[in-house]
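Asker: In order, the protein sequence lines correspond to chains B and Z.
When we follow the numbering used here, the leftmost residue of the first sequence carries the number 6, and every step to the right adds one.
When we follow the numbering used here, the leftmost residue of the second sequence carries the number -17, and every step to the right adds one.
Hints in this document: simulated from the structure, not taken from any laboratory.
It is possible that part of the hints are untrue.
To be verified - Covered, in the sense of this in silico footprint (three residues per stretch, anywhere, with C-beta under 8 Å from a C-beta of chain Z), are these stretches of chain B:
| hint | region |
| --- | --- |
| 1 | 93 to 105 |
| 2 | 132 to 141 |
Claimed, not checked - Residues from chain B shown here face chain Z by an in silico Cβ test under 10 Å; the list is partial:
| hint | residue |
| --- | --- |
| 3 | Pro21 |
| 4 | Phe31 |
| 5 | Ile41 |
| 6 | Pro43 |
| 7 | Thr61 |
| 8 | His63 |
| 9 | Thr65 |
| 10 | Ser74 |
| 11 | Glu75 |
| 12 | Thr125 |
| 13 | Phe160 |
| 14 | Lys174 |
| 15 | Tyr197 |
| 16 | Trp253 |
| 17 | Leu256 |
| 18 | Val275 |
Stated by the list, open to error - What follows is a set of in silico ranges between Cβ atoms, one per label pair, in the way DEER data are often shown:
| hint | chain 1 | residue 1 | chain 2 | residue 2 | range |
| --- | --- | --- | --- | --- | --- |
| 19 | Z | Trp206 | B | Ala94 | 45 to 51 Å |
| 20 | Z | Leu144 | B | Thr80 | 36 to 42 Å |
| 21 | B | Ala24 | Z | Cys79 | 25 to 31 Å |
| 22 | B | Val250 | Z | Gly106 | 55 to 61 Å |
| 23 | B | Ile124 | Z | Arg16 | 23 to 29 Å |
| 24 | B | Ser79 | Z | Arg16 | 46 to 52 Å |
| 25 | Z | Gly106 | B | Glu182 | 31 to 37 Å |
| 26 | B | Asp44 | Z | Thr189 | 49 to 55 Å |
| 27 | Z | Ile70 | B | Phe114 | 19 to 25 Å |
| 28 | B | Arg145 | Z | Ile41 | 44 to 50 Å |
| 29 | Z | Ala207 | B | Thr80 | 58 to 64 Å |
| 30 | Z | Val50 | B | Ile124 | 29 to 35 Å |
Heads up, the beta-carbon is just placed ideally off N, CA and C, and yes, glycines get one too.
So you can see what is in the structure, the chains are spelled out below.
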Amino acid sequence: MIEGAPWRRWVFFYVPVTAFVVSLLFPFYWMVITTIRPDSELYRPWSAPNYAPFWTTHPTLEHVHDLLSETLFSTWMWNTMLISLAATAISLFCGLLAGYALSRLKFPFAGSIGTAIFITYLVPQTLLFIPLADIIRNFRLGDSPWALILTYPTFLIPFCTWLLMGYFKSIPKELEECARIDGAPRWKAMVYIIFPVAIPGILSAGIFAFTLSWNEFIYALVFLSSPEQKTVPVGVTSELVRGDVFFWGELMAGALLGSIPVAFVYSFFVEYYVSGITGSVKG
Amino acid sequence: MATVGSVASVAFKQQYIPAAKRGPITRLLEDERRLAFCLMLPTVVLLGLFIAYPFFNGILLAVTDTRVGVPGHFVGMDNFVKIWNDDIFHVAVWNTCLYTFVTTVFKLALGLSLALLLNRHFRGKAFIRAFILLPFIIPTVLSTFAWKWMFDPTFSVLNWMLFHAGIIHTRINWLGDPVMAMVSVIIVNVWRGVPFYAISLLAGLQTISPELHEAAAIDGARAWARFRHVTWPLLLPVTLVIVLFSVIQTFADFQLVYVLTGGGPANATQLFATYAYQLGIGTGLLSQGAAISLAIFPILLLVVIVQLVYIRRTETL
Chain B
6 MIEGAPWRRW VFFYVPVTAF VVSLLFPFYW MVITTIRPDS ELYRPWSAPN YAPFWTTHPT
66 LEHVHDLLSE TLFSTWMWNT MLISLAATAI SLFCGLLAGY ALSRLKFPFA GSIGTAIFIT
126 YLVPQTLLFI PLADIIRNFR LGDSPWALIL TYPTFLIPFC TWLLMGYFKS IPKELEECAR
186 IDGAPRWKAM VYIIFPVAIP GILSAGIFAF TLSWNEFIYA LVFLSSPEQK TVPVGVTSEL
246 VRGDVFFWGE LMAGALLGSI PVAFVYSFFV EYYVSGITGS VKG
Chain Z
-17 MATVGSVASV AFKQQYIPAA KRGPITRLLE DERRLAFCLM LPTVVLLGLF IAYPFFNGIL
43 LAVTDTRVGV PGHFVGMDNF VKIWNDDIFH VAVWNTCLYT FVTTVFKLAL GLSLALLLNR
103 HFRGKAFIRA FILLPFIIPT VLSTFAWKWM FDPTFSVLNW MLFHAGIIHT RINWLGDPVM
163 AMVSVIIVNV WRGVPFYAIS LLAGLQTISP ELHEAAAIDG ARAWARFRHV TWPLLLPVTL
223 VIVLFSVIQT FADFQLVYVL TGGGPANATQ LFATYAYQLG IGTGLLSQGA AISLAIFPIL
283 LLVVIVQLVY IRRTETL
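So here's chain Z without its partners, still in its complex pose (with noise of 0.2 Å):
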C-alpha cells in the first residue's frame, strides 16, 4: 500500500514540477531507499566502528595473551580458565552482585516514596523537582569526591553529626574497614541514583488517571489498597524498564568506586569494571582485562532479551 501511495504521488508531482529544476541529488534522494541509506549511513558507520570492531576486537583479545606493547598469541580460552579460577575474580562477582541487587532495591523503595510523595500540588514543587535532580545531573566523579571527604576518617562530617546525635560513641572507619566500604559505596550510589528512580516514576505515575483513584475511593479503598491495586499494576511497565536500565549501569558501575575506595580496602569494593581496569590498565594485562570485562557481557544479554520480549509484548498489545 504505502509504497503503491509513494509512486502515486513520485508520478503526481512530476507532473507539476519542471524536472529541469531540481538537481540530480534531489533526483537520487527521492527514493525512500537511498534517502535511507544516506541517512543511516553516519551512524551506522560511527557505531561500527566504535562498538561493533572494538566488541569483536575485545573477543579476538580475550583469547590471545597481549600484554601492553607485546603483541600477543593465540591461547584459546585460557584466559577464561585463569579468571575462571581467580580468588580476585570470585570476590568481584559476589561483590558486583550484591552491590547491584542492594542498590536497586534502596533505589526502587526510595525513589518510588519520593514520586509518590512528589505526586501532588503544593507550592514549589517545580522548584523542589528541579533541585532534587542535582545528584543526577553533576558529574559523578566530582560528587563523589565530596562524598570521599565526608567519609575521612579524621575529618568526617557524618562522624560528627553521629556522634552528636548519640547514635555512635567511637568513630567510624567508613572507607577503611570492608564492611562499612562497602556499605560507603553502597550509599553514594543510592544517593545518586534515587533522583532518577524519583523522576522517571513521577512520570509514569503522572500518566495515572486520578479518576481511577477516585473511583476505587468512592469504592472504599484505603490509601494502601489504592495503591496495591491501581497505581503498583499501571506503575510496573515503566518501573521494569527503569530497573532494567538501572541495573546495567549499576552493574558495569566504575567511576564511583574508582573514586572512592579504589577497589580496596583488599578488594572489599572490587567490582568486574574496576578488576578489569586494573588488570587491563594498571598492569597491562590486556587480554586478561579483555576477558574480564567481556564477563558483563552475559548479564547485558539477559538484560536486553527481557527488554526486547518486553517491548515485542507491549507494541503487539
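Okay, chain B solo, but in the shape it has when bound (with noise of 0.2 Å):
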C-alpha cells in the first residue's frame, strides 16, 4: 500500500523504518555478543586497531557458566517468578472483583471510589517508597518475599482494575440479565458467565502485570537486603558490581537470561500486551 516512485518508498519508508528497527534492537544484539565474547576480546579498548565489535570468532559460554555457577542468579530467577506470579494473582483477583463492582453494580461513593482508584494508577512508587519501607519494617516484612507480593498490587490493582472496568462495559448487559431471569443468583451471573466472557481482557492485565513486576525495581531494592533474597534486577546490579569493578561478561548474560522469561510470556501474547498497553491509555 505504499505509493509513489521506487525512490520515494526508500527514502520514506524503508530508510527510516530500518533505522528506527536497527537502533531500537541494537542494546540487545549487544547483550547477545557481549554475553558469548571471551574475556580476551571483551576487554580490548575500542581504540585498538583488532578491535572487532559485531562478531566474535571464539564464542564461549563461559560467562553463562559463571553466572549459573559462582552466583545466585538462578535462586534470583526463582524469587523474581514466585513474587511476580503470586503479585500478578493477587492483582487480578483484586481488579476483576472491584472492576466488575465498578462497571455494573450501583452502590454509594461508587463515583468517588473509581476517581481515588484511578489516582492510585497515577502515583509512581518514588513518591511512597520512604514511608513504605517504614510500615514494611514495622510489619515485620522486610526482607522476606512477602514485603514485594503485598506491594507490588498497590501499583498493579489500578491498572488491573481500570483496563477491566473497560472491559466488562464493552459487554452487553443483557447476557447477565438472561442469567438473572433464569434465576442465577448474582454472583453465580458474575463468576460463570461474565468473567469467562472477560478472558481476553483478563489475560491482557495479567501479562501486562506480570512484565511490570518483573521489571519493579526500587521496592526490591529498599525492601530487600540480604543476597538470597533478590530479585533479578536488584541481583544483578548489586552482586555483579563490585566496588568499581563491573564483571561485563557476567552482567550481560544475566541482563539477558533475565529478559528470557518476560520476552518468552511476551512472545506468545503479542496481542494481548499490545492491548493491554493501549487499554492502559484509554482510560
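Each chain sits in its own coordinate frame; assemble them with the hints.
Answerer: Below is the structure:
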C-alpha cells in the first residue's frame, strides 16, 4: 500500500523503518555478543586496531556458566518468578472483583472510589518508597518475598481494575440479565457468565501485570537486603558489581537470561500485550 | 429506575426458585450494595494499607527529624526549609524538569513518526511491531546495563562507530562528562519510551477512518495538510493522555539514572527520586528523603487534575 516512485518508497519508508528497528534492537544484539565473547576480546579498547565489535571468532559460554555456578542468579530468577506470579494473581483477583463492581453495580461512593483508584494508578513508586519502607519494617515483612508480593499489587491493582472496567463495559448487560432471569444469583452470573467472556481482558491485564512486576526495581532494592532474597534486577545491580569493578560478561549474561521469561511470555501474547498497553491509556 | 428493576427481578425470581435452595450467603449477596462492598473490600484494604497509609505516614515523617533507628520529634516545616535552601535539591529540580521536557519532546516526535510509518499495510508488519516493543518490555535495569556497557569510556562501541563514521576524532566521555552524562541518560530514556508512544499512537491512528483521508485527498489536500488537519486533531485526545502518563513516569524516574550514573558526575544527573534515595536510604535521613519524595506530589496533582478535567469533558461530550 506504499504508493509512489521507488525512490520515494525508499526515502519515506524503508530507510526510516530500518533506522528505527536497528537502533531499537541494537542494545539487545550487543547484550548477546558481549555474553558470548571471551574476556580477552571483551576488554580490548575501542581504539585498538583489532577491535572487531560486531562479531566474535571465539564464541564461549563461559560467562553464562560463571553466572549460574558462582552467583545466586538462579535463586534470583526463582524469587522474581514467584513474586511476579503471586503479585499478578492477587492483583487480577482484586482487579476483577473491583472492576466488575465499578462497572456494573450501583453503590454509594462508587464514583469517588473509582476516581481514587484512578489517582492511585498515577502514583509513582518513587513517591512512597521511604514511608513504605518504614511500614514494611513495622509489619516485620522486611527482607522477605512478602514485602514485594503485598506491595506490588499497589501499582498493579489500579491498572488491572481500570483495564477490566473498560472490558466489562463492552460486554452487553443482557447477557447477565438472561442468566438472572433464569434464576442465577448475582454472584453466579458474575463468575460463570461474565468472567469467562472477559478472558481476553484478563489475559491482557495479567501479562501486563507480570511484566511490570518483573521490571520493578526500587521497592525490591529498598525492602530486600540479603543476597539470597533478591530479585533479578536488584541482584544483578548489587552482586555483579564489586565497588568499581563491573563483571561485564556476567552482567550481560544476567541481563540476557533475566529478560528471557518476560520476552517469552510476551512473544506468545503480543496481541494481548498490545491491547493491554492501549487499554491502559484509553481511560 | 434501575433499583426498581432489580427489586422487581428479585421478586420475580423468588417465585420460581425455592428459597431453601439458596444458602444464606447467596441471599445476602443478592443485595447490590452488599455484593459491591464484598467485591471492593480486598482492593480497598490493600490500597489503603500500602498507598493511603504510607502517604500519610510520609507526610508525618517529613515533619519530624527521624533517622534510621532514631525516633524523631516534631520539627514542623524544618525539612522543607532545609531542602528549599539545599543547592543539590535545586540542581535536582532543574535536572528533573529538563530531563522530563527533553525526553517527552523526543519521545513524542519519534514515537509519532514511527507510528505513522507503521500505519500502513506491508509485509512483516506484525513482526516488526512485535520486535520494536522489546525495549519497553525488557526490564529497564537490565537493558540499561547494556547501554552502560555501550557508553563505557574505554570499550565503547558507540565511540568506535562514530569514530569510524568520521563524526568524532577523540573519544566521547559519555558518562564522565556532566553534559554528556545528561545526554546519555536522555538517550536511554527516549530509546525505552519511543516504542510505548509508537504503539499507543498507532492504536489511536487505527481508529481514524481512512475515508476521511480519502475525502481530504479528493479535495486536493497534500500529505502534510492531511496530517495537520485530519490526523493530528483526531489523534490529539489519545496523545494528551499518553503524554500525561509518560510525564509522570519520567518525572519520577529512578532505575535508569540509578544504574547509569547514580546521579553523578557531581550531581549532574541527580533527579528527585535518586536524591530522595541517596538522602533517605543512603544516608539514613529518612525524614528529609520523605520530604524530597513528597516534592514530586505537586506535579502529580497537577497532572491528575488535568487528567480528571479532561476525562470529565470527554465523558460529557
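Asker: Is the shortest C-beta separation between Trp253(B) and chain Z less than 10 Å?
Answerer: 6 Å, holds
Asker: Quick check: does the Cβ-Cβ distance between Ile70(Z) and Phe114(B) fall within 19 to 25 Å?
Answerer: Since the Cβ atoms of Ile70(Z) and Phe114(B) sit about 43 Å apart, the hinted range of 19 to 25 Å is violated.
Asker: Hold the hint about Ile41(B) up to the distance rule: shortest CB distance to chain Z must be less than 10 Å.
Answerer: Ile41(B) check fails; min Cβ-Cβ to chain Z is 14 Å, beyond 10 Å.
Asker: Is the interface hint satisfied for Thr125(B)? The criterion is a beta-carbon contact with chain Z at less than 10 Å.
Answerer: OK, holds: Thr125(B) within 10 Å of chain Z, min 5 Å.
Asker: Hey, does the Thr61(B) contact hint survive, CB to chain Z under 10 Å?
Answerer: 13 Å, violated
Asker: Ala207(Z) and Thr80(B), beta-carbon distance inside 58 to 64 Å?
Answerer: About 59 Å separates the Cβ atoms of Ala207(Z) and Thr80(B), which means 58 to 64 Å holds.
Asker: Given Phe160(B) as an interface hint, is the shortest Cβ-Cβ distance to chain Z below 10 Å?
Answerer: Hint holds; Phe160(B) Cβ to chain Z Cβ min 9 Å, cut 10 Å.
Asker: Was the hint right that Pro21(B) lines chain Z, CB cutoff 10 Å?
Answerer: With a minimum Cβ separation of about 6 Å from chain Z (threshold 10 Å), the hint on Pro21(B) holds.
Asker: Using the nearest Cβ pair, does Tyr197(B) come within less than 10 Å of chain Z?
Answerer: 13 Å, violated
Asker: Mind checking the hinted window 44 to 50 Å against the Cβ distance between Arg145(B) and Ile41(Z)?
Answerer: At roughly 24 Å between Cβ atoms, Ile41(Z) and Arg145(B) fall outside 44 to 50 Å, so the hint is violated.
Asker: Given a hinted range of 45 to 51 Å, is it respected by the beta-carbon distance of Trp206(Z) and Ala94(B)?
Answerer: 50 Å, holds
Asker: Does the beta carbon distance between Ile124(B) and Arg16(Z) stay inside 23 to 29 Å, or does it fall outside?
Answerer: About 26 Å separates the Cβ atoms of Ile124(B) and Arg16(Z), which means 23 to 29 Å holds.
The structure is inconsistent with the numbered hints 5, 6, 7, 8, 9, 10, 11, 14, 15, 22, 25, 27 and 28, although it conforms to all the rest.
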